[in-house]
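A.B. asks: Sequence:
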Amino acid sequence: MKKGFTLGLIGALLLGTIGLSPDRSDAAQTNVLSGIGYTASVAADSGYPDSGGTELTDGAYAAPYLADAAWQGRFNQTSYSFTANLGSAQSIQDFRANFYKYTGAAVQTPTSVQFQYSTDNVAYSTACSLTQQGAGVDIAAVPYACSAASPVNAQYVRLVVGSAASTWSFLDEWEVLSAEAEDTLRLSGTFLQPDLGDVWTNSQWTSEFDDMEDAGMDHLILQWSANSKHNTAVYPSTLSGYAQNTTRDVVGKSLEMGDAYGMDIYMGLQLNEDWFVNYTNDPSWLNDEEDLAIELAEDLWEQYGDHDSFAGWYLSFEVDNWNLPSSTEWQRVADFYDGVATALHTLTPGLPIMISPFYNVSGGLSTSGWQTMWEYILSRADIDIFALQDGVGAAHAVTADLDDWFAATRAAIDNASPSTELWSDVETFNMDAKPMDIKMLVADMDAVAPYVDAYTSFSFNHYMSPQQVNPLYYATYLNYLANGAVESVAPSAPSSLTAAASGSMTVNLSWTASTDAIGVAGYRIYRNNELVYTSYTSATSFSDEQLTPSTTYAYKVMAFDAAGNESAFSSAVSATTGSGTTYSNILSSGKSYVSTLAPSSTYPDTGSAELTNGAFGTTSYSDAAWSGFNTGSPFSFTIDLGSSQTIREVTADFLQVKSVYIFLPSSVTFAVSNDNLSFTTAGTVSKPAVSSSDQTKTYRLTGLSGIAGRYVKVTVAPLSSAWTFVDELQVKN
1 MKKGFTLGLI GALLLGTIGL SPDRSDAAQT NVLSGIGYTA SVAADSGYPD SGGTELTDGA
61 YAAPYLADAA WQGRFNQTSY SFTANLGSAQ SIQDFRANFY KYTGAAVQTP TSVQFQYSTD
121 NVAYSTACSL TQQGAGVDIA AVPYACSAAS PVNAQYVRLV VGSAASTWSF LDEWEVLSAE
181 AEDTLRLSGT FLQPDLGDVW TNSQWTSEFD DMEDAGMDHL ILQWSANSKH NTAVYPSTLS
241 GYAQNTTRDV VGKSLEMGDA YGMDIYMGLQ LNEDWFVNYT NDPSWLNDEE DLAIELAEDL
301 WEQYGDHDSF AGWYLSFEVD NWNLPSSTEW QRVADFYDGV ATALHTLTPG LPIMISPFYN
361 VSGGLSTSGW QTMWEYILSR ADIDIFALQD GVGAAHAVTA DLDDWFAATR AAIDNASPST
421 ELWSDVETFN MDAKPMDIKM LVADMDAVAP YVDAYTSFSF NHYMSPQQVN PLYYATYLNY
481 LANGAVESVA PSAPSSLTAA ASGSMTVNLS WTASTDAIGV AGYRIYRNNE LVYTSYTSAT
541 SFSDEQLTPS TTYAYKVMAF DAAGNESAFS SAVSATTGSG TTYSNILSSG KSYVSTLAPS
601 STYPDTGSAE LTNGAFGTTS YSDAAWSGFN TGSPFSFTID LGSSQTIREV TADFLQVKSV
661 YIFLPSSVTF AVSNDNLSFT TAGTVSKPAV SSSDQTKTYR LTGLSGIAGR YVKVTVAPLS
721 SAWTFVDELQ VKN
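Going left to right, the sequence shown walks through residues 1 to 733 as UniProt numbering numbers them.
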């Protein structure tokens, strides 16, 4: 928080007489000069120096005493100035500087003060100016404050001071405030998954809360404190059979930081991945989870209830519009909520209980059905905060869908439980599990503004924090908060793009970097006019691999910034891959194999023979040729060729249908053995660059030399905890 003037009674009275509030904090304005260095046209007197050259912007306000070292003084200087570079163009409007008056010591306030601005540090304009201030007071700090008639954009600012001859001029703080942005929407908090907090050092915890505080956040929701599927906890739980699986007490650390920063900590109860299998269809299981939630809360409150920051509870089972189709399921989840809520409200009177449901517009209950479901549940369970996931990052919705779904949720709350708050759980990520651009994030917040009481996020910590992702996203978000609008200047176009084929399956690209007002966040690679890869780094080269031999490809590149502004395209270039060698002898045809993981019963491997029968799946996930695996953990297949064979090529075919969370694997590793015990890795294929369309893709190692064996293991590393569909595995020579 920004400090106020330290003026004493006289200074405070003076502020009242000139109409400037002593509490100058403004949620919509930021001092863009805070902590920034500057140059002075005239050095301060050695008796009253500018210690460290940063006294004017350090936020420490001098008291009205000559001996206060925060003052810097100049004698007999009728004109002097200070110039500062804000680092990038800012929208600014309000200006302030603090001077001292002590007539008996010949310290007088300036005869004039001008606040100037420039875009190039050459031509300066005056934003506003003041004549001499402080008549009628003495031995006091005297602020000079004025505003431009309208916001101005500038990267450089200058303070020009005029003083009477043969007098001292004492100056302390200089402030330049961002333009007022009363309608700026702000994330007030974030979900944190404990695994991330567990790896932070103490200094990283401090940095994280510093960044959250600077962004105006007031709460953190620890998403879970225990996992009832695995009987683990992220704190030293006293629950029978539970073991701590984190290196630090994440619960205790979260509350400790909340205490230190004055932030509310909402405590998540248990996670259990079986919720997404059982939902409410196993009442006995759900009743057990209700009992555990209560027992867990009692343990947490016994150990941590003395923390001032312990502000409420979060129930982590996420209800959606697909899996509770009728009042039978609604009643079961209402009973679960009501049982837990009644116990928690008794245990911790006044502490709110939060849930975070989600919806998917591609099916399930409509907005009308959603409203009816929540009217039913909320009329039967005492829920205090309904933090609805907006669904845009997960591709469950687009911005245009939000109005309808949040309106329906608002109506359900108003009809069934008017005291319940509706929050938007703003998704800060995209389908690449990378940061969402700030323009889209703000658009999503704006779309639901008529309906919500607050904004939380999933997740500042995971997808916006400068400790976790490119700091440009945080900088751009702060720029938005300061200026009231998302930065809108597009990067320059990449130039000098070149493309060169390397072998039969790779094209190497390189280009000259783009420039941007805040910074280039990355580049988008287009192949044959389709977006195939997004680089979230400043790298100016890319290897496009797993291409088809003897094929010409055309490329172009564009830059983007963290705001979401995109450059024009580079010039287009093309390259043709080499011919390579065709291996037609399929050694694996009809051969048996074993898998470390059984496929889903919905998408089975019929007869345990589909992967080597030569029948390739289509782009339809309902094609019976596909075997589907719903996991985030690696799994493998081992093919028995019957005898040792020389191997020149190995391939594996996969399906991508992003709309139903079927993703290509992150990587596929091929290994060979003669005894099925000791395997030698032939190579690994990482996820290739492809468009987002529904498609099949072959992962291929070809042109192998010195590779022979009877057994071939294919290890699949999924992209995430979602679906991986695999079809044909082939070994050739």
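The set of hints was computed from the structure by calculation and includes no laboratory data. The beta-carbon is built from N, C-alpha and C at its ideal position, and this holds for glycine as well. Incorrect hints may have been included.
Stated by the list, open to error - Only pairs whose alpha carbons sit at most 30 angstroms apart, straight line, appear in this in silico DSS-like list of lysine-lysine:
1. K658 x K229
2. K687 x K434
3. K658 x K687
4. K434 x K591
5. K439 x K687
6. K434 x K732
7. K434 x K253
8. K697 x K687
9. K732 x K687
Claimed, not checked - DEER-style ranges, computed between Cβ atoms:
10. S362 x S644: 44 to 50 angstroms
11. S579 x M431: 54 to 60 angstroms
12. E213 x G578: 55 to 61 angstroms
13. P325 x E273: 17 to 23 angstroms
14. E273 x T512: 31 to 37 angstroms
15. T39 x E213: 28 to 34 angstroms
16. M431 x S79: 56 to 62 angstroms
17. E213 x N415: 36 to 42 angstroms
18. L677 x D288: 40 to 46 angstroms
19. A722 x E213: 33 to 39 angstroms
20. A615 x T552: 29 to 35 angstroms
21. G706 x E566: 28 to 34 angstroms
A.B. asks: Taking the hints in turn, state whether each one holds.
C.D. replies: Evaluation of the provided hints:
For the given pair, K658 sits about 28 angstroms from K229 by alpha-carbon distance, which is consistent with the 30 angstroms threshold. Between the alpha carbons of K687 and K434 the distance comes to roughly 16 angstroms, so the proposed pair stays at or under 30 angstroms and holds. Taken as a hint, the K658 and K687 pair is honoured in the structure, with Cα atoms around 14 angstroms apart against an allowance of 30 angstroms. Between K434 and K591, the direct Cα distance comes to roughly 40 angstroms. Violation of the 30 angstroms bound is thereby established for this hinted pair.
Distance restraint check for K439 and K687: the Cα-Cα separation of roughly 29 angstroms lies within the 30 angstroms cut-off, and the hinted pair is therefore satisfied. For the hint linking K434 to K732, the alpha-carbon distance of about 37 angstroms lies beyond 30 angstroms, and the restraint is violated. Between the alpha carbons of K434 and K253 the distance comes to roughly 27 angstroms, so the proposed pair stays at or under 30 angstroms and holds. For a cut-off of 30 angstroms, the pair hint linking K697 to K687 stands: about 10 angstroms separates their Cα positions.
Distance check on the hinted pair: K732 and K687 sit about 21 angstroms apart at the alpha-carbon level, within 30 angstroms; holds. The hint said 44 to 50 angstroms for the Cβ distance between S362 and S644, and at roughly 49 angstroms that hint holds. As the Cβ distance of S579 to M431 is approximately 35 angstroms, the hint placing it in 54 to 60 angstroms is violated. The beta-carbon spacing between E213 and G578, approximately 56 angstroms, falls within the hinted interval of 55 to 61 angstroms.
Here the CB-CB span from P325 to E273 is close to 22 angstroms, well matched to the stated 17 to 23 angstroms. Checked against the given bound of 31 to 37 angstroms, the beta carbons of E273 and T512, roughly 47 angstroms apart, lie outside it. Look at T39 against E213: about 30 angstroms separates their beta carbons, and that is inside 28 to 34 angstroms. A hinted range of 56 to 62 angstroms holds for the C-beta pair M431 and S79, which are about 58 angstroms apart.
The hinted window of 36 to 42 angstroms between E213 and N415 holds, with their beta carbons roughly 37 angstroms apart. The hinted range of 40 to 46 angstroms is satisfied by L677 and D288, whose Cβ atoms lie roughly 42 angstroms apart. As the Cβ distance of A722 to E213 is approximately 35 angstroms, the hint placing it in 33 to 39 angstroms holds. Taken as a hint, the range 29 to 35 angstroms holds for the pair A615 and T552, whose Cβ atoms sit roughly 30 angstroms apart.
A C-beta distance of roughly 46 angstroms is found between G706 and E566, which places it outside the suggested range of 28 to 34 angstroms.
The structure shown violates the earlier hints numbered 4, 6, 11, 14 and 21.
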